[in-house]
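Chains as they are written, first to last, in this note's numbering: chain U, 1 to 242; chain W, 1 to 242; chain C, 1 to 242; chain F, 1 to 242.
In short, the hints are calculated from the structure, not lab data.
There's no promise every hint is true.
Said to hold, decoys possible - 27 Å max Cα-Cα, derived DSSO-like pairs, lysine-lysine:
no., chain 1, residue 1, chain 2, residue 2
1, W, LYS82, U, LYS103
2, C, LYS218, C, LYS182
3, W, LYS182, U, LYS103
Stated by the list, open to error - Residues of chain F placed beyond 10 Å of chain U at every Cβ, according to the derived structure:
no., residue
4, PRO16
5, ARG118
6, LYS185
7, TYR202
Every residue, glycine too, gets a C-beta built ideally from N, C-alpha and C.
Each chain is listed here by its residues.
Protein chains: 4
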Amino acid sequence: MNVLVWNENRHEKTNPVVAENYPKGIHGAIAEFLQEDEINVKTATLDEADHGLTDEVLAETDVLVWWGHKAHGEVRDEIVEKVQKRVLEGMGLVVLHSGHFSKIFKKLMGTTCDLKWREADEKERLWVVDPTHPIAEGLGQYIELEKEEMYGEHFDIPTPDELIFISWFEGGEVFRSGCTYKRGKGKIFYFRPGHETYKTYYNPEIQRVIKNGVNWAKPTNSATPVYGNAQPLEKISEKANV
Amino acid sequence: MNVLVWNENRHEKTNPVVAENYPKGIHGAIAEFLQEDEINVKTATLDEADHGLTDEVLAETDVLVWWGHKAHGEVRDEIVEKVQKRVLEGMGLVVLHSGHFSKIFKKLMGTTCDLKWREADEKERLWVVDPTHPIAEGLGQYIELEKEEMYGEHFDIPTPDELIFISWFEGGEVFRSGCTYKRGKGKIFYFRPGHETYKTYYNPEIQRVIKNGVNWAKPTNSATPVYGNAQPLEKISEKANV
Amino acid sequence: MNVLVWNENRHEKTNPVVAENYPKGIHGAIAEFLQEDEINVKTATLDEADHGLTDEVLAETDVLVWWGHKAHGEVRDEIVEKVQKRVLEGMGLVVLHSGHFSKIFKKLMGTTCDLKWREADEKERLWVVDPTHPIAEGLGQYIELEKEEMYGEHFDIPTPDELIFISWFEGGEVFRSGCTYKRGKGKIFYFRPGHETYKTYYNPEIQRVIKNGVNWAKPTNSATPVYGNAQPLEKISEKANV
Amino acid sequence: MNVLVWNENRHEKTNPVVAENYPKGIHGAIAEFLQEDEINVKTATLDEADHGLTDEVLAETDVLVWWGHKAHGEVRDEIVEKVQKRVLEGMGLVVLHSGHFSKIFKKLMGTTCDLKWREADEKERLWVVDPTHPIAEGLGQYIELEKEEMYGEHFDIPTPDELIFISWFEGGEVFRSGCTYKRGKGKIFYFRPGHETYKTYYNPEIQRVIKNGVNWAKPTNSATPVYGNAQPLEKISEKANV
Numbered sequence: 001m002n003v004l005v006w007n008e009n010r011h012e013k014t015n016p017v018v019a020e021n022y023p024k025g026i027h028g029a030i031a032e033f034l035q036e037d038e039i040n041v042k043t044a045t046l047d048e049a050d051h052g053l054t055d056e057v058l059a060e061t062d063v064l065v066w067w068g069h070k071a072h073g074e075v076r077d078e079i080v081e082k083v084q085k086r087v088l089e090g091m092g093l094v095v096l097h098s099g100h101f102s103k104i105f106k107k108l109m110g111t112t113c114d115l116k117w118r119e120a121d122e123k124e125r126l127w128v129v130d131p132t133h134p135i136a137e138g139l140g141q142y143i144e145l146e147k148e149e150m151y152g153e154h155f156d157i158p159t160p161d162e163l164i165f166i167s168w169f170e171g172g173e174v175f176r177s178g179c180t181y182k183r184g185k186g187k188i189f190y191f192r193p194g195h196e197t198y199k200t201y202y203n204p205e206i207q208r209v210i211k212n213g214v215n216w217a218k219p220t221n222s223a224t225p226v227y228g229n230a231q232p233l234e235k236i237s238e239k240a241n242v
Numbered sequence: 001m002n003v004l005v006w007n008e009n010r011h012e013k014t015n016p017v018v019a020e021n022y023p024k025g026i027h028g029a030i031a032e033f034l035q036e037d038e039i040n041v042k043t044a045t046l047d048e049a050d051h052g053l054t055d056e057v058l059a060e061t062d063v064l065v066w067w068g069h070k071a072h073g074e075v076r077d078e079i080v081e082k083v084q085k086r087v088l089e090g091m092g093l094v095v096l097h098s099g100h101f102s103k104i105f106k107k108l109m110g111t112t113c114d115l116k117w118r119e120a121d122e123k124e125r126l127w128v129v130d131p132t133h134p135i136a137e138g139l140g141q142y143i144e145l146e147k148e149e150m151y152g153e154h155f156d157i158p159t160p161d162e163l164i165f166i167s168w169f170e171g172g173e174v175f176r177s178g179c180t181y182k183r184g185k186g187k188i189f190y191f192r193p194g195h196e197t198y199k200t201y202y203n204p205e206i207q208r209v210i211k212n213g214v215n216w217a218k219p220t221n222s223a224t225p226v227y228g229n230a231q232p233l234e235k236i237s238e239k240a241n242v
Numbered sequence: 001m002n003v004l005v006w007n008e009n010r011h012e013k014t015n016p017v018v019a020e021n022y023p024k025g026i027h028g029a030i031a032e033f034l035q036e037d038e039i040n041v042k043t044a045t046l047d048e049a050d051h052g053l054t055d056e057v058l059a060e061t062d063v064l065v066w067w068g069h070k071a072h073g074e075v076r077d078e079i080v081e082k083v084q085k086r087v088l089e090g091m092g093l094v095v096l097h098s099g100h101f102s103k104i105f106k107k108l109m110g111t112t113c114d115l116k117w118r119e120a121d122e123k124e125r126l127w128v129v130d131p132t133h134p135i136a137e138g139l140g141q142y143i144e145l146e147k148e149e150m151y152g153e154h155f156d157i158p159t160p161d162e163l164i165f166i167s168w169f170e171g172g173e174v175f176r177s178g179c180t181y182k183r184g185k186g187k188i189f190y191f192r193p194g195h196e197t198y199k200t201y202y203n204p205e206i207q208r209v210i211k212n213g214v215n216w217a218k219p220t221n222s223a224t225p226v227y228g229n230a231q232p233l234e235k236i237s238e239k240a241n242v
Numbered sequence: 001m002n003v004l005v006w007n008e009n010r011h012e013k014t015n016p017v018v019a020e021n022y023p024k025g026i027h028g029a030i031a032e033f034l035q036e037d038e039i040n041v042k043t044a045t046l047d048e049a050d051h052g053l054t055d056e057v058l059a060e061t062d063v064l065v066w067w068g069h070k071a072h073g074e075v076r077d078e079i080v081e082k083v084q085k086r087v088l089e090g091m092g093l094v095v096l097h098s099g100h101f102s103k104i105f106k107k108l109m110g111t112t113c114d115l116k117w118r119e120a121d122e123k124e125r126l127w128v129v130d131p132t133h134p135i136a137e138g139l140g141q142y143i144e145l146e147k148e149e150m151y152g153e154h155f156d157i158p159t160p161d162e163l164i165f166i167s168w169f170e171g172g173e174v175f176r177s178g179c180t181y182k183r184g185k186g187k188i189f190y191f192r193p194g195h196e197t198y199k200t201y202y203n204p205e206i207q208r209v210i211k212n213g214v215n216w217a218k219p220t221n222s223a224t225p226v227y228g229n230a231q232p233l234e235k236i237s238e239k240a241n242v
């Protein structure tokens with residue numbers, strides 16, 4: 001399996017807290033733990049040519065992990081369209097945290113993907129509400145994060161195909177924190193945690209969820225549907241003209 | 001309730017069969033039967049200024065019915081964005097037949113909305129698979145149409161929130177013919193039948209489904225969610241810096 | 001519309017706090033506010049003959065509201081089967097609070113319907129996560145209850161067809177508090193709040209949800225499906241014996 | 001992975017056509033192809049002690065495959081309850097064909113699971129409507145069976161969590177032929193084909209679906225939820241008595 005971890009990689013360059021949290025970038029930290037699972041992992045970032053998302057790179061990517069935040073608008077529309085096309089062809093997509101507002105996620109959802117937010121060092125507890133799901137493999141009843149950014153409902157997304165986590169926040173909100181979708185032949189997993197000013201992606205349970213999500217999102221080798229004008233498979237009767 | 005029936009209204013002008021089927025246009029035929037239900041119905045067509053979809057018209061529309069086919073590309077993008085915004089604000093949307101390929105439907109779905117098709121005067125039987133649904137009110141076990149265009153799976157749509165009808169076609173295909181979705185505060189109903197060369201919209205059962213769909217899609221008067229930075233509702237504890 | 005409010009009516013007889021909260025019984029309080037909506041409301045309780053759920057009563061009931069807690073086991077199995085049969089025929093069912101453990105709800109769900117609970121006078125905030133739903137009509141972004149019993153995840157239910165409310169609890173848990181299901185021709189709404197030691201059913205927003213739920217759950221007048229051996233609707237070809 | 005293939009094994013003893021189709025029983029045929037995948041497969045049949053479903057056997061079973069038809073009523077209720085308990089604990093369940101009317105499937109669904117049927121040597125074409133699903137791995141756009149028993153809608157089941165196949169039948173019906181459900185910690189896959197008088201279970205594509213289904217249904221090693229009275233995870237404030 002080939003996984004590509006895409007990161008905006010801007011906070012890391014301007015905010016010393018983030019730079020200290022993630023000296024190899026958020027993408028570097030995610031790539032590192034994914035590699036433990038004998039997955040072939042590459043990374044790409046916004047400031048590379050074509051954001052590192054060339055046709056060749058996309059063509060060989062099985063699952064794309066996406067982290068972006070303050071520069072969503074700089075991702076070029078034609079690149080977003082190529083990513084969408086690849087998802088519809090079967091490439092998995094794991095969207096993390098502020099990626100809810102990325103062009104690619106909004107395009108695949110058809111909604112604003114808006115939400116409430118607050119940066120207040122508050123406690124988050126992600127409850128597993130679907131213990132049957134392979135993305136919950138190896139987890140306890142909940143994951144507790146001492147400090148995170150809050151995301152609160154209403155989260156303006158389509159009804160998730162599956163809802164795996166619901167977050168409780170100290171300040172009084174809840175959030176649908178782990179949601180899956182199907183689009184075309186592709187599978188999508190949105191996972192909430194991972195604000196850049198915290199070391200969330202070093203948390204072993206969070207790493208486990210992302211590993212599980214990547215595995216779940218891998219392409220299914222089923223027939224690519226044929227579209228357009230189709231010959232009948234059965235004889236069609238002649239009918240009177242009325 | 002204010003309903004707006006939008007029609008491309010092109011086939012009616014160039015194809016004598018369609019002109020004969022629908023002397024007042026497809027929009028006229030649909031408006032006519034909707035009016036029986038004490039609904040306030042207006043119509044709009046592609047060739048009007050702003051396609052008849054001005055801000056004022058959209059603002060006062062509760063449910064928009066959409067029929068388009070060969071001129072999807074002529075619908076201006078900024079109008080499509082306004083319609084999407086209104087759906088997310090709560091306006092209902094009933095998408096008919098070849099409207100599956102309209103810009104507005106594809107934008108709200110995030111997929112290609114592609115499918116198989118065939119024009120062969122073939123029999124369609126729409127089976128009710130959700131008899132609990134208000135859109136099935138007043139129907140029998142199935143609706144039979146002697147001649148229709150075929151639409152076949154795979155239909156490249158997100159998993160429907162609700163699946164109400166599945167079509168059987170004489171030539172050997174099946175199709176998810178009645179699907180509901182939620183996007184933002186808006187409700188969407190896609191309904192398959194209605195090829196322009198047949199008199200499908202005069203069929204009383206088809207009319208009943210569209211009436212039911214319009215009623216089901218009407219806006220819910222719930223609170224409009226507030227998005228963005230949010231003050232805590234509960235006290236957040238001080239935490240040690242780690 | 002004929003609504004029947006069923007209540008176990010035992011706490012009211014033994015616990016002075018409950019007796020004071022609900023001098024006419026929980027069923028009496030619920031019937032009272034439902035009657036404001038020109039709904040024809042009757043009540044029934046466990047200790048009546050056949051628990052007040054005779055064939056005649058069930059036959060004329062459009063929506064049944066159910067509250068039970070400490071005497072679930074005393075509800076006779078053959079009555080539960082009759083109620084299930086009526087739901088499958090189209091009668092709506094609104095299950096409140098501790099009704100999650102009623103025989104009828106467990107029978108319709110196929111799971112244990114188990115959960116976490118705690119009686120600790122704690123704050124509950126029910127967030128609306130589906131503002132399109134008619135059950136959210138007239139509500140704000142959330143409902144706040146100063147003191148309620150806590151119910152926490154994991155809630156052992158099938159995936160809800162629709163999830164309308166998610167509760168936040170002061171003690172750190174979340175809960176899927178408003179869930180809809182379809183079974184046969186019947187619609188089911190589970191709504192969490194309503195512990196007997198609090199005056200929850202006098203809260204106007206809670207009343208609004210229950211009114212909305214009763215309206216949503218009313219029977220759909222669609223064809224009753226025909227089951228069993230069926231004649232072909234189309235000619236079946238002769239095939240060679242292999 | 002330990003798979004147990006359960007079969008009623010009655011038609012094989014009394015109907016020479018079935019005996020010829022399945023000389024080792026339907027269970028034998030299914031076990032044979034499952035073993036190709038390095039799965040540890042055992043079988044059990046109705047007439048064994050405890051129907052071959054002892055506590056020990058169930059405890060070590062990861063996925064149970066179920067075929068039954070004319071003797072559903074002979075499966076003892078206490079055994080059905082044990083199987084249900086194991087599914088809720090996480091054991092996968094693959095229900096085949098006439099197993100739709102088995103006690104275990106009806107108990108887990110909460111509905112009648114009734115349908116239309118006809119034995120008329122008719123053609124069935126199962127269309128893949130969810131090409132993202134691992135159960136569709138390795139399949140084409142559809143599976144064609146020259147002769148099968150017809151099952152037609154309405155199929156009285158809860159809304160499937162996922163719908164993978166829709167069948168077209170020569171005689172004019174459609175059917176939701178591949179459905180998944182979650183109950184407790186267990187995953188359930190219902191798959192329609194497999195009437196005893198045809199050699200359906202020797203069809204390589206049907207075998208592929210059942211293999212995929214068994215793999216998909218395997219238990220998830222997530223935390224077993226804790227139910228009942230729960231200590232608070234956060235401090236609960238003192239509140240005034242009102």
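Are all beta-carbon distances from F/TYR202 to chain U longer than 10 Å?
Consistent with the label, F/TYR202 stays out of reach of chain U, its closest Cβ about 22 Å off (over 10 Å).
Compare the distance between the alpha carbons of W/LYS82 and U/LYS103 with 27 Å, and conclude whether the hinted pair is satisfied.
18 Å, holds
Would you mind confirming whether the straight-line C-alpha gap from C/LYS218 to C/LYS182 stays at or under 27 Å?
The hint holds at about 12 Å.
Claimed clearance of chain U by F/LYS185, with the beta carbon kept past 10 Å:
5 Å, violated
Least C-beta distance between F/ARG118 and chain U, which was stated to exceed 10 Å
Answer for F/ARG118: holds, closest chain U Cβ roughly 18 Å.
Holds or violated: W/LYS182 with U/LYS103, Cα cutoff 27 Å?
20 Å, holds
Taking the closest pair, is the beta carbon of F/PRO16 still more than 10 Å from chain U?
The claim holds: F/PRO16 sits with its nearest Cβ about 32 Å from chain U, beyond 10 Å.
In this structure, only the earlier hint numbered 6 is contradicted, and the remaining ones agree with it.
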